[in-house]
Amino acid sequence: MNKVTTDVLIVGGGPAGMSAAVAASGNDDVRITVVDDNPRIGGQIWRAELGKLKSVEALELLALLDQQWITLVNNASVFSNDGSSVLAETPSGRIQIEYKSLILATGARERLLPFPGWTLPNVLGAAGLQALVKGGLDVQDKRIVVAGTGPLLLVAAEYLTSKGARIVAICEQTTNKKLDRFALGLWRSPSKIVQGISLRSKLRGIPYYRNAWVTKADLQSVTIQHFGQTTDIECDMFACGFHLVPNIELAQLLGCEVADGFVSVDDYQQTSISDVYCAGEPTSIGGVEAAVVEGKIAGFAATGQIIEANSLFRARKKTTAFAKALDQAFELRDELKTLAASSTIVCRCEDVQYGKLTDHDDFRMAKLQTRCGMGACQGRICGAAVEFLFGWKDRSVRPPIFPVKMENL
Amino acid sequence: MITLTINKISITVDEGTTIAAAILNAGVTAFRKSVTGEPRGAVCGMGICFECRVTIDGIAHQRSCNVIAADGMEVVTDE
Amino acid sequence: MSYDVVIVGSGIVGAACAASLSASRLRVLVLDSSGIATGTTAAGMGHIVLMDDSEAQLALTGYSRKLWNTLAQELPADAEYEHCGTIWVAADEDEMNEVRRKQIVYASHGSDAEILDGRALRELEPNLRGGLAGGLLVQDDSVVYQLCATKFLIERAARYGTTIRTGTNVIEISDDGVRLENGEVIAAGVIINAAGVFASELSPELKIVKRKGHLAITERYPNFVRHQLIELGYLKSAHGSDGDSVAFNVQPRITGQILLGSSRQFGVESNQIDFEILKRMTNRAFEYMPDLKTLSTVRVWTGFRPATSDNLPYIGKIPGHENVYAAAGHEGLGITTSLGTAELLTSAILGKKPAIPIEPYLPSRTITEH
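Top line first, the protein sequences correspond to chains R, P and E.
Counted from 1, the first sequence has number 165 at position 165 by this note's numbering; the numbering is strictly sequential.
Counted from 1, the second sequence has number 1009 at position 9 by this note's numbering; the numbering is strictly sequential.
Counted from 1, the third sequence has number 2066 at position 66 by this note's numbering; the numbering is strictly sequential.
Hints are computed from structural coordinates only; laboratory data are not their basis.
Be a bit skeptical, because a hint or two may be false.
In silico lysine to aspartate or glutamate, DMTMM-like type, Cα no more than 25 Å apart, as pairs [claimed, not checked]:
no.: 1; chain 1: R; residue 1: Lys142; chain 2: P; residue 2: Asp1078
no.: 2; chain 1: R; residue 1: Lys177; chain 2: R; residue 2: Glu331
no.: 3; chain 1: R; residue 1: Lys142; chain 2: P; residue 2: Glu1038
no.: 4; chain 1: E; residue 1: Lys2279; chain 2: R; residue 2: Glu331
Bear in mind that the values here come from a model prediction, so they are computed numbers and not experimental data.
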């Protein structure tokens, strides 16, 4: 087994992880290693297109990274820990990486909610479809409905349009009131991207429905509920995501304190475990600006650059306010709890139907009796769904936190 | 350009294309069969949901969204 | 409200006892500090297997297996009962002698078992490595998803009028009944301690210790393994010493998943995964089945077997008590022997003649009255 030693280990190569790496490299004495489970650095928002980073911000950071003594390890899934080291599976086998300090920049995933038809092959996540297109999927002239909630719907629609897709409709489940309040607050928010895109998508004349949500989908169309009426919209693909949930499994495995589903951190982004830091979406869903500033603070703090870290506290305060605004604006409406029929699958790995879950009082009993959450994704998808549907919060974490080849255990 | 086979049919894709994108571009939508036999396809695009698993070069349960196509790869879906 | 019987513990043993006693028209209450089947039952492999470490073990596993194979027709689909059989794998000629001995013992017990040479073994299990000496195919063994089987037994008990209270912690058992953590006292004619690894806490007379085990489960690989496979070296390694041990034991689930065991550790309280022994366990498995190496492993977990000094469970009245019975200490065989345990205990409580002699399992065998 390959064993590596590093001063600062950063898990996750998205905005938070890359920013942390650049900040940490301000200390000339430290060796830095960044591991990422995707084939290319950049995370989700800066995901490479056909293997090439396009984002200007990402390229700037990457240029800084390349100049420094930084090791990048792609395609590495961290699946376990052992003292002050983590174990990761790569295509060429298992590696053990020992660290002095650790920065968790594990990002977020889309929240997917069950509705009749959500397991059909033409139904994808909104960010998911965007990621696939960046990976070379051709959507030229494809009719696509984008639905769910959150600013990512607009980001995805904008991107898909730029790749020749015909966005038939964008359906945002939240209310006009909440959205307006959010939009009003945007002038002081750091998120220029969201602001810009929301304007542009309107300009392009794509039907944009608020108060609208999917009730079912089939291979040719989706049914949208909008002000008490249902409308069938024909489409080739349906991209549907309900904002984001943080990837906190590694933090949980390490024993970091978690509150309300997010990793607790102090002013220096340090978790309840000393020398373990966390930045970006796992601490709160605040978008790319928050990830960058938190990543920098973590990178500085982890390498003793305290003055530099302190200088960013004010900038972080703004992103924290934005995260809160996001949360309020895209709060899920209760109607979404009623979409799944008794026969609708909730756990996609084990094909556990909604009706099989309603008998149980908590996630543990449901898991044991139905295998809900016991499949390959280890509850990453259905865990967020059952939390919303039933209020089940039990997210016990055991190694391996990703499936690994038996020889790599 | 990269040439690989999907279900024994040879296809050519741009360099940097993920296997998941290559499969969809080839017109195949059923990546795997679920436990109860439903056809499933890619969903999250980022290696989290495990719905896009296929057999690549004889190794089953590979997340196709996280694998970049390489010359000569043999991909089998719907297993 | 008083009950004829209070059962402490709703693992598969407690559930089987509840089903059996309530079928005999006794008013039964089942109490569990957690949920149904959340202890050892949840952690184990669901094997229904004939074992002959001792004459008494052979009698109990054989009797229980018969009960399972009868119950099979009534089990719901989610219990995933599969009559896949067991192959005891012999690595060398020494172990083939053991195969022959075992075959004779099983035959004398009325259980047919087929001796396989190396070639026949590979034909039945192509993913075993070449060069193994052979094995013993025991057709009548099965596997079951024990969690849903337990739920089935509990539901059956409930239909017969059994009351089930989960999340109810019993802190004291006496001849009159049980006392709960919240101070409540429940009176009962008979009290059954079926608390598994916690049984000794309530009945210190029972000498039950925890024996930690690790299991791993893979993604779905249908037909990779077709029978439950157990190395014959298992006998030497698993039950022999007090030290840590591992053995090759795989089980095909009806889902196509492969469940891999096994490890045994005494004196470990932590339920954390011990990667060192896990590695020993998987390496042992690779010696028999090299291609397991590349299979995607979805989960690993640990559990504790309730072990007794002679590897036999405690079934029957606890010495020094009039009304307190034990149904505990089933080590790694609780799924198999749960049904037999329940029938023996029901006979004992009702004063009927048991189907097989109960004496070898009576707690009094190792406990002196005080």
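The hints, checked one at a time:
no. : hint                    : result
1   : R:Lys142 with P:Asp1078 : holds, 23 Å
2   : R:Lys177 with R:Glu331  : holds, 12 Å
3   : R:Lys142 with P:Glu1038 : holds, 24 Å
4   : E:Lys2279 with R:Glu331 : violated, 45 Å
Checked against the numbered hints listed earlier, the structure breaks hint 4 alone; every other hint is satisfied.
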